[in-house]
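Yeah, the sequence shown ends on 373 if you go by the working numbering, and it's all consecutive.
The set of hints was computed from the structure by calculation and includes no laboratory data. Owing to the predicted nature of the structure, the values given are computational and were not obtained by experimental measurement. You can trust all of the hints, since none of them are fake.
Below, computed lysine-lysine pairings styled on DSS-like, alpha-carbon distance capped at 27 Å: (1) K204 - K166; (2) K195 - K250; (3) K248 - K195; (4) K204 - K232; (5) K166 - K195; (6) K217 - K182; (7) K166 - K180; (8) K180 - K364; (9) K255 - K195; (10) K364 - K217; (11) K180 - K217; (12) K180 - K340; (13) K217 - K363.
Derived Cβ-Cβ restraints for the label pairs, each shown as a range: (14) K212 - L241: 32 to 40 Å; (15) E179 - R235: 38 to 46 Å; (16) D360 - E179: 13 to 21 Å; (17) N237 - P359: 42 to 50 Å; (18) D360 - T176: 21 to 29 Å.
The beta carbon of each residue, even a glycine, is placed where N, CA and C say it ideally should be.
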Amino acid sequence: MKKFFTPLILSALFLSSCSGSNHLTLHPAKQTAAEVFEPVPADFLPRKLMVLSAGDSLTQGVGDSTKQGGYLPYLDTLLEKEKGIQEVDFYNYGVKGNRTTQLLKRLQSPEMKSVLQKADVVVITIGGNDVMKVVRDNLSNLQLSVFDKEKETYRKHLTQIFETIVHENPNASIVLVGLYNPFTKWFPDIEEMDTIVSDWNNAGRTVISNYPNAYFVPIEDVFLNANENLLYTDNFHPNDKGYELIAERLNDTFGEQVIPDLEKKPYMVSTEEN
Numbered sequence: 100m101k102k103f104f105t106p107l108i109l110s111a112l113f114l115s116s117c118s119g120s121n122h123l124t125l126h127p128a129k130q131t132a133a134e135v136f137e138p139v140p141a142d143f144l145p146r147k148l149m150v151l152s153a154g155d156s157l158t159q160g161v162g163d164s165t166k167q168g169g170y171l172p173y174l175d176t177l178l179e180k181e182k183g184i185q186e187v188d189f190y191n192y193g194v195k196g197n198r199t200t201q202l203l204k205r206l207q208s209p210e211m212k213s214v215l216q217k218a219d220v221v222v223i224t225i226g227g228n229d230v231m232k233v234v235r236d237n238l239s240n241l242q243l244s245v246f247d248k249e250k251e252t253y254r255k256h257l258t259q260i261f262e263t264i265v266h267e268n269p270n271a272s273i274v275l276v277g278l279y280n281p282f283t284k285w286f287p288d289i290e291e292m293d294t295i296v297s298d299w300n301n302a303g304r305t306v307i308s309n310y311p312n313a314y315f316v317p318i319e320d321v322f323l324n325a326n327e328n329l330l331y332t333d334n335f336h337p338n339d340k341g342y343e344l345i346a347e348r349l350n351d352t353f354g355e356q357v358i359p360d361l362e363k364k365p366y367m368v369s370t371e372e373n
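Hey, can you work out the whole structure from these sequences and the hints?
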């Protein structure tokens, strides 16, 4: 069953999760043994997965004719078929036009922190608008060296985003969706745009390499080698098929890496002796 939560109800959810108390009754006749940490097989008890999706218009779902959140509904359907996954709850924090600096600021807001602290996985789409800003700011003198310089700024901001996530939730898995090149039609004179996108993706990979719970999902080749149109009518954002293929790439990474690594994390089992 898919559940998409909007930011308007997050405060209520957070408050309700804090209400109530657990009462522990001690029985003198029993002694509680030391807590044992054991891995639990994925099929022992299907788990609920909480996913925070954050970033730009790809997370918001611009170009999605169903208005359900771009890749999210496709990924939800695929994940709930995975062994060991009972249900997936998505929290969508995608905002059209967001750059790395804006996402970093939003991650530090109380609204997102309450979800971030409880999330199993954080999926990020960010960077496309950073590239666009370089283009807009340097239209009169657009050179490859400008993109190389701003790439290092992107790497720095991306590292700050990851550090913020890890600070709030060190156990969360972080999935970064790579950039793709929709710029060919808009900037046909920039022949190096494929190279620029590839270089920025490599910058993202270098950030990923510093975090054991982080994963990179490449989608550049999906759009580059497509035999059909994968872009919306604006020739920039993905269309329904484009989002579906992004979801399939994400699902591959979840199934092959993210979920198996989550299963390796210790599961607390309490035992009692009479």
